[in-house]
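Visitor: This is what each chain is made of:
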Amino acid sequence: MALLEIRNLSVDFATHGGKVRAVEGVDLTVDEGEVLGIVGESGSGKSVASLAVMGLVAANGTVSADRMSFAGHDLMKLSPRQRRMITGRDAAMIFQEPMTSLNPCFTVGFQLMEGMAEHIGGSRATLKNRAIELLDQVGISDAETRLRAYPHQLSGGMNQRVMIAMAIACNPRLLIADEPTTALDVTIQRQILELLLDLQRKRGMALILITHNMGVVAETAHRVVVMYAGQVMEERPAAALFKTPRHPYTAALLEALPERSSGKKRLLAIPGMVPGLDDRPQGCLFNPRCPYVAPACLSERPPLLAEASGGVRCIKPLAAAAGSA
Amino acid sequence: MLRFLLTRLALIIPTFLGVTLMTFAMIRLVPGDPILLMYGERTVDESVYQKLKAEMGLDRPILVQYASYLNDMAHGNFGKSITTRTPVLSEFVTLFPATVELSLTAMTLAILIGLPAGIVAAVRRNTAFDHTVMGASLTGYSMPIFWWGLLMILTFSVWLGWTPVSGRMAVKYFIEPVTGFSLIDSYLAGDWSAFKSALHHLILPACVLSTVPLAVIARMTRSSMLEVLNEDYIRTARAKGLPPWRVVGLHALRNALIPVITVIGLQVGALLGGAILTETIFSWPGVGNWLIESIRRRDYPVVQGGILLAASIVMIVNLMVDVLYGLINPRIRKGH
Numbered sequence: 004m005a006l007l008e009i010r011n012l013s014v015d016f017a018t019h020g021g022k023v024r025a026v027e028g029v030d031l032t033v034d035e036g037e038v039l040g041i042v043g044e045s046g047s048g049k050s051v052a053s054l055a056v057m058g059l060v061a062a063n064g065t066v067s068a069d070r071m072s073f074a075g076h077d078l079m080k081l082s083p084r085q086r087r088m089i090t091g092r093d094a095a096m097i098f099q100e101p102m103t104s105l106n107p108c109f110t111v112g113f114q115l116m117e118g119m120a121e122h123i124g125g126s127r128a129t130l131k132n133r134a135i136e137l138l139d140q141v142g143i144s145d146a147e148t149r150l151r152a153y154p155h156q157l158s159g160g161m162n163q164r165v166m167i168a169m170a171i172a173c174n175p176r177l178l179i180a181d182e183p184t185t186a187l188d189v190t191i192q193r194q195i196l197e198l199l200l201d202l203q204r205k206r207g208m209a210l211i212l213i214t215h216n217m218g219v220v221a222e223t224a225h226r227v228v229v230m231y232a233g234q235v236m237e238e239r240p241a242a243a244l245f246k247t248p249r250h251p252y253t254a255a256l257l258e259a260l261p262e263r264s265s266g267k268k269r270l271l272a273i274p275g276m277v278p279g280l281d282d283r284p285q286g287c288l289f290n291p292r293c294p295y296v297a298p299a300c301l302s303e304r305p306p307l308l309a310e311a312s313g314g315v316r317c318i319k320p321l322a323a324a325a326g327s328a
Numbered sequence: 049m050l051r052f053l054l055t056r057l058a059l060i061i062p063t064f065l066g067v068t069l070m071t072f073a074m075i076r077l078v079p080g081d082p083i084l085l086m087y088g089e090r091t092v093d094e095s096v097y098q099k100l101k102a103e104m105g106l107d108r109p110i111l112v113q114y115a116s117y118l119n120d121m122a123h124g125n126f127g128k129s130i131t132t133r134t135p136v137l138s139e140f141v142t143l144f145p146a147t148v149e150l151s152l153t154a155m156t157l158a159i160l161i162g163l164p165a166g167i168v169a170a171v172r173r174n175t176a177f178d179h180t181v182m183g184a185s186l187t188g189y190s191m192p193i194f195w196w197g198l199l200m201i202l203t204f205s206v207w208l209g210w211t212p213v214s215g216r217m218a219v220k221y222f223i224e225p226v227t228g229f230s231l232i233d234s235y236l237a238g239d240w241s242a243f244k245s246a247l248h249h250l251i252l253p254a255c256v257l258s259t260v261p262l263a264v265i266a267r268m269t270r271s272s273m274l275e276v277l278n279e280d281y282i283r284t285a286r287a288k289g290l291p292p293w294r295v296v297g298l299h300a301l302r303n304a305l306i307p308v309i310t311v312i313g314l315q316v317g318a319l320l321g322g323a324i325l326t327e328t329i330f331s332w333p334g335v336g337n338w339l340i341e342s343i344r345r346r347d348y349p350v351v352q353g354g355i356l357l358a359a360s361i362v363m364i365v366n367l368m369v370d371v372l373y374g375l376i377n378p379r380i381r382k383g384h
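Protein chains in written order, with the numbering used here: chain A, 4 to 328; chain B, 49 to 384.
FYI, nobody ran anything at the bench for these hints, they're computed from the structure. Built from N, CA and C at the ideal position, the CB exists for glycine as well. Warning: the hint list may mix true and false statements.
[Stated by the list, open to error] Which residues of chain B face chain A? A partial, calculated answer using Cβ under 8 Å:
(1) Glu279
(2) Asp280
(3) Ala285
(4) Gly289
(5) Pro291
(6) Arg302
(7) Asn303
(8) Gly374
(9) Pro378
[What the hints assert, rightly or not] Derived DEER-like restraints, expressed as beta-carbon distance ranges:
(10) B:Trp293 - A:Ala61: 15 to 23 Å
(11) A:Lys22 - B:Gly183: 27 to 35 Å
(12) A:Asn63 - B:Pro307: 23 to 31 Å
(13) A:Leu308 - B:Ile376: 54 to 62 Å
[As the list claims (entries may be wrong)] Here are some of the chain B residues that sit facing chain A, going by a computed Cβ distance under 8 Å:
(14) Arg108
(15) Val112
(16) Ser116
(17) Tyr281
(18) Arg286
(19) Ala287
(20) Lys288
(21) Ser331
(22) Asn377
(23) Arg379
Bound-form chain A, shown alone (with noise of 0.2 Å):
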């Protein structure tokens, strides 16, 4: 069974201008220790999904779907209290900022600490004790010293390793990790995305990456779900999607990818832009940037249209998988 299953989910905001829909019958499966990536551009829905199963969606968000199951609990029957249990324990997050993230005012041994205690328990030697082996865990070296020190005396690489001690503080099944790179120095990038695969393989726990480098995807992700404003477009392992992509998206995407367009003169860029929550075309999302626009894009817009590995939102999709599909 599916660790994480859902269907149909869509994240709707009260904003002043009305109601706008950022996430929109999303369907995501994840399976135990699998490592899923998510991939988009800014507004693509993909950060407000995952708070939605977190549960963490702002107070003017409304979040509904036929089916949200975690672990075997159905998250849309939860209470707030219920959900809580759940939250912080048997999934964690991690966001993109680690410098904003962590509050100012506790020392990171405090915030460590009660995450645990507020789950598991527990006398505070154990607790201390289990915060300077989840520091070592993560590559902070001087544990002991580091947990008395201010979130502002650490540099933004040492924030997100706490923020990560953190999130597996309390063994969780699944990591969401939010663009979890984007704020660092690139030497410091690689150290972190390094250090949460070691994590994920090391426990088996299920890791979500949502991120908008094709190229981290490409390493990592054993699984790909590209999303493009609140919908998913695509989705297929990882290999196969690189591979032969099947949504005009997708394949777009891998063009603007500098390593795969050696030898080209200019690279390749996608026109326009992610069109804003309140100025959705119709038809196909996609349709105003997309190369291969027929009449029908601009009327209808298309289901997800299930793969034999996957599942691709396009009414002609591109050059038919090899293989499986």
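Since chain A is already given, all that's left is putting chain B on it; use the hints.
Guide: For chain B alone, coordinates are given in the frame of chain A:
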């Protein structure tokens, strides 16, 4: 932190000089002669007048008077009241507890009501509760304290008859002053009915005096909380599965308190200003009432010394607030 504290201490000296100059100049700029006022309707002999003037040192050139005033202050000599002939310092010490009791009660009310009201308004923003609290606090903040005090007396003392109109305690009680706080003294004396009378007298002026700081604290807490609740670390705290009271009451409040504490410190100065009006309206025997009386009598030493003492208290409180600020915010404490 030590460096920060020393800088703040050094700043006290120019502030102090500024206060002496202001009070010295202001009271002399106000028309009216203390000796003539002292005699009132009666006429005073020219020879007696000159003698008194020399005795008070008012015949000397103005700059000499200022220099000798500064010299006296520097030696802790606050002089004697022209009218009562008792030392200014001892009058201040006798009356100050009444003002502190009133101000402290007012500030406690303001914090106890304003802080939670601001927090709840922020958490439930744009609800009826939020709009009510913010509307009420805007009204409270805009209310002229003189008019507000009279309105309260009219409502609660005159129409409803719930509270006494003025004073600190009913005349029939006499409690030996130990601390100078009527509540504590009557409690120590074990006189329950005197305690009740003191509380009865205190409640209305304290409410009037707390109105402005309460409004300021509630509004400041709300806006500060709103800002903090949008921070990334609040999302992190929620992602840890912490209960809402811990997310709001610990993670958010600790950060939101930093500007609120500053405002509370600044309100202490405003509170003493408000106490002068409130004490006058309610005939509260405190420093404010005493200063107003001394200004009316052009009692130079009392005005000069009394205001300086009051200003020193404000400066000390502000210094304490700065230290507290550092204790709450590690980024200041650890130097950055």
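Visitor: Now tell me if each hint is right for this structure.
Guide: For each hint, the structure was consulted:
The criterion of a C-beta within 8 Å of any C-beta in chain A is met by B:Glu279, whose closest approach is roughly 7 Å, and the hint holds. Here the hint on B:Asp280 is kept, as its CB sits about 4 Å from the closest CB of chain A, short of 8 Å. With a cut of 8 Å, the hint placing B:Ala285 at the interface with chain A holds, because the nearest CB-to-CB distance is about 7 Å. Taking 8 Å as the C-beta contact cut-off toward chain A, the hint placing B:Gly289 at the interface holds, the least distance being around 3 Å.
A distance limit of 8 Å between C-beta atoms decides the matter here; for B:Pro291 the minimum to chain A is near 7 Å, and the interface restraint holds. At about 4 Å, the closest approach between the beta carbon of B:Arg302 and any beta carbon in chain A falls short of 8 Å, and the interface hint on this residue holds. With 8 Å as the threshold, the beta carbon of B:Asn303 comes within range of chain A, its nearest partner Cβ sitting at about 6 Å, so the hint holds. The restraint placing B:Gly374 at the interface with chain A is violated, with a minimum CB-CB distance near 12 Å, outside the 8 Å limit.
Against a cut-off of 8 Å between C-beta atoms, the interface hint on B:Pro378 holds, since the closest Cβ of chain A lies about 5 Å away. Between B:Trp293 and A:Ala61 the CB atoms are about 19 Å apart, so this pair conforms to the stated range of 15 to 23 Å. Hint check: A:Lys22 to B:Gly183, Cβ distance near 28 Å, so the stated range 27 to 35 Å holds. A hinted range of 23 to 31 Å holds for the C-beta pair A:Asn63 and B:Pro307, which are about 25 Å apart.
In this structure, A:Leu308 and B:Ile376 meet the distance hint of 54 to 62 Å, their C-beta atoms being roughly 57 Å apart. About 56 Å separates the beta-carbon of B:Arg108 from the nearest beta-carbon of chain A, more than 8 Å, and the hint is not met. Hint status for B:Val112: violated, given a least beta-carbon distance of 54 Å to chain A, over 8 Å. The closest approach between the C-beta of B:Ser116 and any C-beta of chain A is roughly 50 Å, which is over the 8 Å cut-off, so the hint fails.
For B:Tyr281, the interface hint holds, since its Cβ comes within 8 Å of a Cβ in chain A; the closest pair sits about 4 Å apart. The criterion of a C-beta within 8 Å of any C-beta in chain A is met by B:Arg286, whose closest approach is roughly 6 Å, and the hint holds. Given hint, B:Ala287 at the interface with chain A, holds; its Cβ is 5 Å from that chain's nearest Cβ, closer than 8 Å. Restraint check, B:Lys288 versus chain A: the minimum CB separation of about 4 Å is within 8 Å; hint holds.
At about 45 Å, the closest approach between the beta carbon of B:Ser331 and any beta carbon in chain A exceeds 8 Å, and the interface hint on this residue is violated. Hint on B:Asn377 holds. Least Cβ distance to chain A is approximately 7 Å, under the 8 Å limit. For B:Arg379, the shortest C-beta to C-beta distance to chain A is roughly 5 Å, which falls under 8 Å, so the interface hint holds.
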